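Order-wise, the sequence lines are chains Z and R. The first sequence runs 41 to 450 under this note's numbering. The second sequence runs 41 to 450 under this note's numbering.
Think of the hints as simulated: they come from the structure by calculation, not from any bench. Predicted, not measured: the structure shown is a model, and the values here were computed from it. Careful, some of the hints might be misleading.
Because identical chains cannot be distinguished in the list, a pair is counted as satisfied if it fits within a single copy or across any two copies.
Unchecked claim - Within a straight-line C-alpha distance of at most 25 Å, the following computed DMTMM-like cross-link-like pairs (lysine to aspartate or glutamate) qualify: (1) LYS184 <-> GLU198; (2) LYS261 <-> GLU51; (3) LYS252 <-> ASP201; (4) LYS149 <-> GLU234; (5) LYS218 <-> ASP113; (6) LYS345 <-> GLU375; (7) LYS353 <-> GLU375; (8) LYS252 <-> GLU268.
Protein chains: 2
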Amino acid sequence: MQADLICIGNELLTGLIENTNAGFLSRRLWASGISVRESVVVADDENAIKDALERSLGNSEIAILTGGLGPTDDDLTREAVAGILGLPMVLNEDWLIKMESFFTKRGIKMPEGNKKQAMILSGSKVLPNKRGTAPGAIIELRGKIIILLPGPPAELKEMFDHQVLPYLVLNNHGVQKKVKTLKCIGLGESMLEETIKNIGKWNYPPLSYVAKGYEVNLQIKASGDSEEANAAIQGAETILRETLGDYIFGSDEDTITSVVASMLLSGKLTLSVAESCSGGLLSDMITDIPGSSGYYLGGIIAYSKRAKSELLKIDPGLIEEEGEVSKPVATAMAEGVRTLFQSDYGVGITGYAGPESGKLKEDTGLVYIAVSSPKELVCNEFYLGGGRRGVKERAAQVAFDMLRKVLIKC
Amino acid sequence: MQADLICIGNELLTGLIENTNAGFLSRRLWASGISVRESVVVADDENAIKDALERSLGNSEIAILTGGLGPTDDDLTREAVAGILGLPMVLNEDWLIKMESFFTKRGIKMPEGNKKQAMILSGSKVLPNKRGTAPGAIIELRGKIIILLPGPPAELKEMFDHQVLPYLVLNNHGVQKKVKTLKCIGLGESMLEETIKNIGKWNYPPLSYVAKGYEVNLQIKASGDSEEANAAIQGAETILRETLGDYIFGSDEDTITSVVASMLLSGKLTLSVAESCSGGLLSDMITDIPGSSGYYLGGIIAYSKRAKSELLKIDPGLIEEEGEVSKPVATAMAEGVRTLFQSDYGVGITGYAGPESGKLKEDTGLVYIAVSSPKELVCNEFYLGGGRRGVKERAAQVAFDMLRKVLIKC
Numbered sequence: 041m042q043a044d045l046i047c048i049g050n051e052l053l054t055g056l057i058e059n060t061n062a063g064f065l066s067r068r069l070w071a072s073g074i075s076v077r078e079s080v081v082v083a084d085d086e087n088a089i090k091d092a093l094e095r096s097l098g099n100s101e102i103a104i105l106t107g108g109l110g111p112t113d114d115d116l117t118r119e120a121v122a123g124i125l126g127l128p129m130v131l132n133e134d135w136l137i138k139m140e141s142f143f144t145k146r147g148i149k150m151p152e153g154n155k156k157q158a159m160i161l162s163g164s165k166v167l168p169n170k171r172g173t174a175p176g177a178i179i180e181l182r183g184k185i186i187i188l189l190p191g192p193p194a195e196l197k198e199m200f201d202h203q204v205l206p207y208l209v210l211n212n213h214g215v216q217k218k219v220k221t222l223k224c225i226g227l228g229e230s231m232l233e234e235t236i237k238n239i240g241k242w243n244y245p246p247l248s249y250v251a252k253g254y255e256v257n258l259q260i261k262a263s264g265d266s267e268e269a270n271a272a273i274q275g276a277e278t279i280l281r282e283t284l285g286d287y288i289f290g291s292d293e294d295t296i297t298s299v300v301a302s303m304l305l306s307g308k309l310t311l312s313v314a315e316s317c318s319g320g321l322l323s324d325m326i327t328d329i330p331g332s333s334g335y336y337l338g339g340i341i342a343y344s345k346r347a348k349s350e351l352l353k354i355d356p357g358l359i360e361e362e363g364e365v366s367k368p369v370a371t372a373m374a375e376g377v378r379t380l381f382q383s384d385y386g387v388g389i390t391g392y393a394g395p396e397s398g399k400l401k402e403d404t405g406l407v408y409i410a411v412s413s414p415k416e417l418v419c420n421e422f423y424l425g426g427g428r429r430g431v432k433e434r435a436a437q438v439a440f441d442m443l444r445k446v447l448i449k450c
Numbered sequence: 041m042q043a044d045l046i047c048i049g050n051e052l053l054t055g056l057i058e059n060t061n062a063g064f065l066s067r068r069l070w071a072s073g074i075s076v077r078e079s080v081v082v083a084d085d086e087n088a089i090k091d092a093l094e095r096s097l098g099n100s101e102i103a104i105l106t107g108g109l110g111p112t113d114d115d116l117t118r119e120a121v122a123g124i125l126g127l128p129m130v131l132n133e134d135w136l137i138k139m140e141s142f143f144t145k146r147g148i149k150m151p152e153g154n155k156k157q158a159m160i161l162s163g164s165k166v167l168p169n170k171r172g173t174a175p176g177a178i179i180e181l182r183g184k185i186i187i188l189l190p191g192p193p194a195e196l197k198e199m200f201d202h203q204v205l206p207y208l209v210l211n212n213h214g215v216q217k218k219v220k221t222l223k224c225i226g227l228g229e230s231m232l233e234e235t236i237k238n239i240g241k242w243n244y245p246p247l248s249y250v251a252k253g254y255e256v257n258l259q260i261k262a263s264g265d266s267e268e269a270n271a272a273i274q275g276a277e278t279i280l281r282e283t284l285g286d287y288i289f290g291s292d293e294d295t296i297t298s299v300v301a302s303m304l305l306s307g308k309l310t311l312s313v314a315e316s317c318s319g320g321l322l323s324d325m326i327t328d329i330p331g332s333s334g335y336y337l338g339g340i341i342a343y344s345k346r347a348k349s350e351l352l353k354i355d356p357g358l359i360e361e362e363g364e365v366s367k368p369v370a371t372a373m374a375e376g377v378r379t380l381f382q383s384d385y386g387v388g389i390t391g392y393a394g395p396e397s398g399k400l401k402e403d404t405g406l407v408y409i410a411v412s413s414p415k416e417l418v419c420n421e422f423y424l425g426g427g428r429r430g431v432k433e434r435a436a437q438v439a440f441d442m443l444r445k446v447l448i449k450c
C-alpha cells in the first residue's frame with residue numbers, strides 16, 4: 041500500500057507556518073507499513089489542489105489531503121475534491137447542529153461562513169472533529185481511498201490517531217512494521233553510540249538515534265510482525281538494557297514526565313516544586329499529564345528574593361551570603377516547598393537562564409537543582425546550554441531525571 | 041518569479057528526519073519576492089526525481105533541488121538532473137583536490153565513493169560547500185534556473201544565504217516584498233473576516249489570515265519597496281485599526297506576552313499569578329521573556345484545595361459552596377495572590393482542562409479567569425477547546441488579553 045500526502049495552504053509555501061503535519065503523517069503511516077510515495081505542499085488554489093490530487097490518484101492507492109477545510113473563502117479543498125471525483129456536496133444536518141451548539145456554548149452566534157463546513161461530499165464517511173469545526177472525511181471510490189483532514193495539527197493528530205488509523209488497520213491497508221524505542225537520558229548521543237559500539241558484533245536489527253535536548257531516543261526496527269521480528273527486537277532490547285541500565289528511563293510512548301508520574305502514582309506519593317529560573321515550566325509539564333492532580337499538590341514560582349524568603353521560609357541571611365543561585369538556596373527551596381505543601385517530595389531549581397542574568401556573562405546556564413525526600417536530600421550543579429528557553433527545558437528534563445533516580449531507590 | 045522546491049530523501053518520506061529545509065527555503069524566497077508554487081518531497085529514486093523536475097520546468101522559472109548529492113549509491117540527484125537536462129557530467133579537478141585535502145586534514149584517506157561528488161554537470165556554476173563534501177550547483181538553461189543544494193540543513197543554509205541569494209538578487213530574479221502583520225485577539229478567524237468584509241470595497245493590498253489558538257495574524261502584503269507600496273500598506277493598516285480597535289494587540293514581532301510585559305515595564309507595575317488548570321503555563325510564558333524578573337514577582341500553582349485555602353487564604357467554606365471551578369474562587373485567587381506577593385496586578389485561573397476533570401464530561405474546557413488591580417476586579421467565564429494542552433494554552437492567551445485590557449485603562 042502506498043500513499044501520497046497533499047498539504048494545502050499558502051502559509052506553508054511562504055514558510056509562515058512550519059509544516060509539521062507531513063512529518064507526523066509520514067511517521068504514522070510508515071509505522072503502519074504504508075509507504076509515502078510523494079509528499080507535496082500546494083497553494084490555496086482550486087486548480088493546484090486538483091492537479092495534485094489527480095496525480096496522486098494516478099500513482100497511489102491512498103491520497104491524504106490536509107488543510108483548506110476552514111470556513112473562509114480561501115478554504116477550497118472540499119470544492120477541489122468534489123470536482124475531481126465528480127461527487128456532489130450535501131448538507132450534513134448532524135454536523136451543522138454540532139457546530140451551532142459549539143458556538144452557542146461559547147455565547148456566540150455561528151458566523152455565516154461556518155455553514156460551509158457542514159457541506160460534505162456525497163457518500164463520504166464523516167470524521168467528527170473533537171477540537172474544531174472542520175470535520176474530516178474518508179471517501180472510497182474506484183479502488184482508491186481519499187482522506188481529508190483539517191490543517192491545525194492538534195485537530196489532525198487527534199483525528200488521524202483515533203479515526204483514520206483504526207479505519208486503515210481494520211481494512212487491512214497496512215503491513216505492520218515492528219519498532220521499539222528505548223528512551224535514554226544522561227548520556228549524549230555520541231557517548232551513547234560509542235557505548236553501544238563497545239558491545240561488539242551487532243547481530244540484531246539496525247538502530248537509529250534521535251536526540252531531543254537531554255534525551256536520546258534509540259529506535260530498534262524490524263520488518264513484519266513475525267515471531268522472528270519480535271525475537272530479534274527482544275534480543276536487541278535485552279542487551280541494550282543490560283549495557284545502558286538506568287540511562288534508559290522508558291520506552292515507546294513514555295516521556296520522562298510520564299515515567300516520574302507513574303512512579304509517584306504507584307507509590308501513592310505526592311510532589312511539590314519551587315521554581316526560580318525554570319519559571320513554571322516544570323509545573324507546566326507535570327500538569328500536562330491527565331490525572332496529575334492525584335500526586336501534584338502545587339508549586340511556588342519564586343521569581344523574587346521576597347518570594348524565596350517569605351513563602352519558602354528561606355533565611356534572608358543565607359540568600360544574602362550564598363547568593364540566590366547557589367547550592368544552599370536550591371536545597372532550601374526543595375525543603376521549603378516540601379514543608380509548605382506537606383508533600384512527600386520537593387524539587388528546587390535556581391539558576392541563570394540568561395541572556396544577562398548572572399553577574400558575569402559566563403554564569404548564563406549555571407543551574408542548581410535539588411530534590412528533597414523523607415530519606416534523602418540531593419543537589420547538583422549544571423551548566424546548561426541552548427539559550428534562555430533551552431536552559432529552562434534542559435533544567436526541567438534534568439530535574440525529572442534526578443527525581444526519577446531518587447524514586448528508583450525508594 | 042516563481043520557484044518549485046524538490047526535497048529528495050527516503051528519510052523525509054518516513055518522517056525519521058523533519059523536513060526543515062522546505063520551511064527555511066520558503067521563508068527566504070518569500071522574503072526575496074520569489075513565490076513558491078509547489079514544494080514536494082520525493083524518494084531517493086531517479087525516476088521520481090526526474091518526474092518532479094520535469095513538472096517543475098513546465099511550471100516555474102526556478103527549480104531548487106535539495107539532497108541526494110552525497111557519496112553513496114542512493115544519492116542520485118546529479119544523475120537525474122543530467123538526464124532531464126541532457127547535460128554530460130565532467131570531473132571538476134578543483135573540487136577533487138579540495139575534498140582530498142579535507143580528508144587528509146582529518147587524517148583519513150578519501151573513500152572511493154566521494155569521487156563522484158567531484159563530478160559536476162557541464163556548464164554549471166559550482167557552489168563550494170564550506171561544511172561538507174557535496175558542492176552545490178546553479179544551472180541556467182533555456183530560460184530556467186536549476187539549483188542543487190546539499191541536504192544537511194547547516195550546509196544548505198550556509199550555501200543558500202551566502203551564494204544562492206546573492207546570485208538571485210544580482211540577477212534581479214527577486215522583487216522585494218513589503219509585509220505588515222497585525223496581531224488580533226478575541227475575534228475568531230471567520231468573525232474577523234466578516235468584520236473586515238463589512239468595511240466594503242477593499243482598495244488596499246490583499247490580506248491573509250493565520251489563526252494560532254485564540255490569536256489571528258492578519259498579513260497585509262504589497263509588492264515592491266516603492267513609496268506606493270508603503271502608502272498602500274499604511275492605508276490598509278489605518279482602516280484596519282479603525283475597524284478592529286483593541287482587537288489588535290500588536291504587530292509584526294509582538295506577542296501577547298511581550299505586549300503585556302512592555303505595558304507592565306513602562307508603567308513600573310508588578311504582577312503575580314495564581315494558576316490552577318493552566319498549571320504553570322502562564323508563569324512559564326511570562327518568564328520566557330528576558331528581563332521578566334523586573335515586573336514578575338512570582339506565582340502559586342494551586343493544584344490542590346489546600347493550596348488554594350492555605351496559601352491564597354481562600355475561605356474553605358467558599359470553595360465548598362461554590363466549587364473549586366467557579367467565579368468566586370477565580371476572583372479570590374487573583375486577589376489572594378496579589379495580596380500575598382504585594383504586587384500591583386494579580387491573575388487567577390481555575391477550570392477543567394480535561395479529559396475527565398469535571399463532574400460532567402461537558403465541563404471540560406470550562407475556565408474562569410480573574411484579574412485584580414488596585415482599581416478593578418474582573419472575572420470572565422470561558423468554554424475553551426483543543427484538548428488538555430489546548431485548554432491550557434487558550435486559557436493563558438485569554439488571561440494575557442484580559443490583563444492587557446485592564447492595563448489599557450490604567
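Problem - Alpha-carbon proximity between LYS353 and GLU375, which holds within one copy, between copies, both or neither at 25 Å - result: Classified as both; 10 Å inside a copy, 22 Å across copies.
Problem - Identical-chain pair category, LYS345 with GLU375, by Cα at 25 Å - result: Intra 16 Å, inter 21 Å, cutoff 25 Å: intra and inter.
Practice task
Please work out whether the CA atoms of LYS218 and ASP113 approach to 25 Å or closer within one copy, between two copies, in both situations, or in neither?
Solution key: between (43 Å within a copy, 24 Å between copies)
Exercise for the section: Go through the copies and call it for LYS252 and GLU268: within, between, both or neither, with a Cα cutoff of 25 Å. Expected result: Cα proximity of LYS252 and GLU268: none, with 31 Å in one copy and 47 Å across.
Problem - Copy assignment of LYS252 with ASP201, given that the CA separation must stay at most 25 Å - result: Both, since 23 Å and 22 Å are each at most 25 Å.
Practice task
Classify it for me, LYS261 with GLU51: is the Cα-Cα distance of at most 25 Å met within a copy, between copies, both or neither?
Solution key: between (35 Å within a copy, 13 Å between copies)
Handout entry: Within, between, both or neither: LYS184, GLU198 at alpha-carbon 25 Å
Key = Classified as within; 23 Å inside a copy, 43 Å across copies.
Exercise for the section: Since the copies are identical, ignore which copy is meant and state whether LYS149 and GLU234 lie within 25 Å (CA to CA) inside a copy, between copies, both or neither. Expected result: between (61 Å within a copy, 13 Å between copies)
Checked against the numbered hints given earlier, this structure breaks only hint 8.
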